[in-house]
Amino acid sequence: MRPAEDTEPAAPAARTADEREAAAPRRGRSAALAGGLVVALGLLVLMAMASVALGARSVPLSVVIDALTSPDGSSDHTVIRELRIPRTLLGIGVGASLGLAGALMQSLTRNPLADPGLLGINEGAAVGVTFALALLGLTDPAVYVWFAFGGAALASVIVYSLGAAGRSGAGPVRLTLAGVAVGMVFTAVSSAVLRMDPQTFDRMRFWLTGSLAAQSADVLVRLAPFMAAGIVLGLLLARPLNMLSLGDDAGKALGVAVTRTRVLTGVAVTLLCGAATAAAGPLWFVGLAVPHAVRALVGQDQRWVLPYSALAAPVLLLAADVAGRLIARPGEVQVGIMCAMVGAPIFILLARRRRLAAL
Amino acid sequence: MTARPPVPPVSGRPRAVRLGDWSLRVAPRALLVWVLLVLTAFAVAVLAISTGEFTVPVPDVLAALFGDGPPVAELIVNKLRAPRVLTGLLVGAAFGLSGAIFQSLTRNPLGSPDFIGFSAGASTGGILVVVSGGSAAQIAAGSMTGCVVTALLVYLAAFRRGVQGYRLVLVGIGANALLIATNNYLLTRANINDAATAGAWLTGSLGGRDWSYVLPLTVALAVLLPACAYVSRPLRMIEMGDDSARAMGIRVEAVRAVAIVAGVLLCGVATAAAGPVAFVALAAPQLARRLTRSPGVTMASSALVGAVLLTAADLAAQRVIAPAQLPVGVLTAAIGGTYLALLLRKDRH
Numbered sequence: 001m002r003p004a005e006d007t008e009p010a011a012p013a014a015r016t017a018d019e020r021e022a023a024a025p026r027r028g029r030s031a032a033l034a035g036g037l038v039v040a041l042g043l044l045v046l047m048a049m050a051s052v053a054l055g056a057r058s059v060p061l062s063v064v065i066d067a068l069t070s071p072d073g074s075s076d077h078t079v080i081r082e083l084r085i086p087r088t089l090l091g092i093g094v095g096a097s098l099g100l101a102g103a104l105m106q107s108l109t110r111n112p113l114a115d116p117g118l119l120g121i122n123e124g125a126a127v128g129v130t131f132a133l134a135l136l137g138l139t140d141p142a143v144y145v146w147f148a149f150g151g152a153a154l155a156s157v158i159v160y161s162l163g164a165a166g167r168s169g170a171g172p173v174r175l176t177l178a179g180v181a182v183g184m185v186f187t188a189v190s191s192a193v194l195r196m197d198p199q200t201f202d203r204m205r206f207w208l209t210g211s212l213a214a215q216s217a218d219v220l221v222r223l224a225p226f227m228a229a230g231i232v233l234g235l236l237l238a239r240p241l242n243m244l245s246l247g248d249d250a251g252k253a254l255g256v257a258v259t260r261t262r263v264l265t266g267v268a269v270t271l272l273c274g275a276a277t278a279a280a281g282p283l284w285f286v287g288l289a290v291p292h293a294v295r296a297l298v299g300q301d302q303r304w305v306l307p308y309s310a311l312a313a314p315v316l317l318l319a320a321d322v323a324g325r326l327i328a329r330p331g332e333v334q335v336g337i338m339c340a341m342v343g344a345p346i347f348i349l350l351a352r353r354r355r356l357a358a359l
Numbered sequence: 001m002t003a004r005p006p007v008p009p010v011s012g013r014p015r016a017v018r019l020g021d022w023s024l025r026v027a028p029r030a031l032l033v034w035v036l037l038v039l040t041a042f043a044v045a046v047l048a049i050s051t052g053e054f055t056v057p058v059p060d061v062l063a064a065l066f067g068d069g070p071p072v073a074e075l076i077v078n079k080l081r082a083p084r085v086l087t088g089l090l091v092g093a094a095f096g097l098s099g100a101i102f103q104s105l106t107r108n109p110l111g112s113p114d115f116i117g118f119s120a121g122a123s124t125g126g127i128l129v130v131v132s133g134g135s136a137a138q139i140a141a142g143s144m145t146g147c148v149v150t151a152l153l154v155y156l157a158a159f160r161r162g163v164q165g166y167r168l169v170l171v172g173i174g175a176n177a178l179l180i181a182t183n184n185y186l187l188t189r190a191n192i193n194d195a196a197t198a199g200a201w202l203t204g205s206l207g208g209r210d211w212s213y214v215l216p217l218t219v220a221l222a223v224l225l226p227a228c229a230y231v232s233r234p235l236r237m238i239e240m241g242d243d244s245a246r247a248m249g250i251r252v253e254a255v256r257a258v259a260i261v262a263g264v265l266l267c268g269v270a271t272a273a274a275g276p277v278a279f280v281a282l283a284a285p286q287l288a289r290r291l292t293r294s295p296g297v298t299m300a301s302s303a304l305v306g307a308v309l310l311t312a313a314d315l316a317a318q319r320v321i322a323p324a325q326l327p328v329g330v331l332t333a334a335i336g337g338t339y340l341a342l343l344l345r346k347d348r349h
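From first to last, the protein sequence lines stand for chains A and U.
With our numbering, the residue at position 190 of the first sequence is 190, and numbering never jumps.
With our numbering, the residue at position 69 of the second sequence is 69, and numbering never jumps.
Simulated from the structure, these hints should not be mistaken for lab results.
In this text, all values refer to a predicted model and were calculated from it rather than measured experimentally.
There's no promise every hint is true.
Said to hold, decoys possible - A few chain U positions that, by computed beta-carbon distances, are all more than 12 Å from chain A: (1) 32; (2) 58; (3) 148; (4) 189; (5) 265.
Said to hold, decoys possible - Computed spacing ranges between beta-carbons, pair by pair: (6) U:55 x A:137: 31 to 37 Å; (7) U:325 x A:146: 30 to 36 Å; (8) A:296 x U:136: 45 to 51 Å; (9) U:28 x A:349: 47 to 53 Å; (10) A:137 x U:156: 45 to 51 Å.
Cβ coordinates follow ideal geometry from the N, Cα and C atoms, glycine included.
Can you build the whole structure from these sequences, using the hints too?
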């Protein structure tokens, strides 16, 4: 589980320094933070139960448990097993991916406004998926997800080089603007491609706004390995990212391979955003608010920020999805719309801060 | 995208032309650019009218426009294609002007109404009326109201001891996302016919625009153009700071109020007619500034560039994947986004 450390020559030295500092109060704090992770996990389980039980036709929890333990083929049980549970699991996977991707991006770019949707990465992935589905006629998620990776990687490289490559580095505002611009171009390309193919357009309409219900149930099975790989890689990057947060030079002095850390973070972000977008469409703002809330709770240490973000984001996404199902019964509001409704005001509040402090 | 002619450039600096007691500041390069833009607009318009599924020869187009062409040409030109092209020209000009006003007010190329949510707000207003089954005039009124309310809210949300350019832009981006989500939500709630109408309008399209669109646009522009002309020069003074503008005898608050009202109304009118066509308001003033080599954004050139840009984009959108037709908004978004990216690349400090 620690290839990242094996490849970082100076990491052991940093660890001993950590350990030397680790006096009793810090150990108590670590225990509290670890306990907090358990609480977050519990919240996620509760929210998952709610997501399985609530909807156009709400089902009591006892029936949910029956459906899990002894399915009898009744319509309630079928709904739960065939629709609600895959959807909930998909929401957990997508939420964890986007939350972690947002935290990684905010840490890497030191940009408090970084978000996979806002910076155009998800839109890039969406273009890839659109191409694969509309022009090449691919249907297997595990195949077309590679196009999503391609699009996401392309978008990351363009946005990062536009917004960050200046001599002054990536100002939060510049990077955000570059992301929005690139995202708009990608969106235009997607909709142009889809206009040429009305049937695909009809199938992908809901996916394009962002929805957990738009895909068939086996999507999660096909995409889960990619999400898992992205999550493991992302969590392993916590330590070098911590050191880079002191600045590139300080990071270098601490023995972090700056370029490699950047590239690996980019790979993780690409995996996470590509898989999440292939599953649920280009979602905005999920990765924006959660890392902020998490940092307010646990501080700046990425070793805590990253796992907390990965656990808290799916809670938010599932909550948005459940709310979307409840407020428009018997129809539903797509989760992409709900995320924007909740996330955009938070973005505005963040943007109103007097100085957009670089992270 | 900024054309740089190889010939020795005509100076961008204004000169005073005196006629007895009167004097007028004229920038030779701007004049030249204006003439060229008008000619380009005319050429694009004639090309757009003459080509299509049924080609009308250019002489017939001109004859029909001036009233004595062959009957078929008269029908196609005057009933179908001319109103669409005219709508494009007027909407483009309105977006160009609105963009110039807000970019000047915020002193920021990104402060343009399509980027900071005003257009999206106008469409929210429009869709609300579409969904509740209003007439075309009510839809227009709805989108005007949406535009005004959004402008007010964005301005208030960005206000914090004065409005600072970048904060306004960021708050506007947030508002834009929120309003787009609202629009999508309204679309999912609408019945299928309303949703189709509103959906086409939302991308920004000039398809099927007849004379009933041209008339209100003409009236609105006729009222608002003098206002723009009035604030044009004072606005450039205000760009240097309120205090120095005041010292030069400009009534800053009055000018700013007129400019904001005119800019919001122009954006609302244009959106009502063609939907929130992306990026014309953003790109036109910046292109115009580079073409005329003027130090700041200017009204007249922005309007002309906007008109040319939108009609040319519409022409291209009809031809790129013919016979299928793209809504013009898709094309302007692709062009404009690329342009914005280049803009960001260039102004690295």
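So, going through the hints one by one against the coordinates:
no., hint, in the structure
1, 32, "holds, 31 Å"
2, 58, "holds, 29 Å"
3, 148, "holds, 19 Å"
4, 189, "violated, 7 Å"
5, 265, "holds, 25 Å"
6, U:55 x A:137: 31 to 37 Å, "holds, 35 Å"
7, U:325 x A:146: 30 to 36 Å, "holds, 32 Å"
8, A:296 x U:136: 45 to 51 Å, "holds, 50 Å"
9, U:28 x A:349: 47 to 53 Å, "holds, 49 Å"
10, A:137 x U:156: 45 to 51 Å, "holds, 49 Å"
In this structure, only the earlier hint numbered 4 is contradicted, and the remaining ones agree with it.
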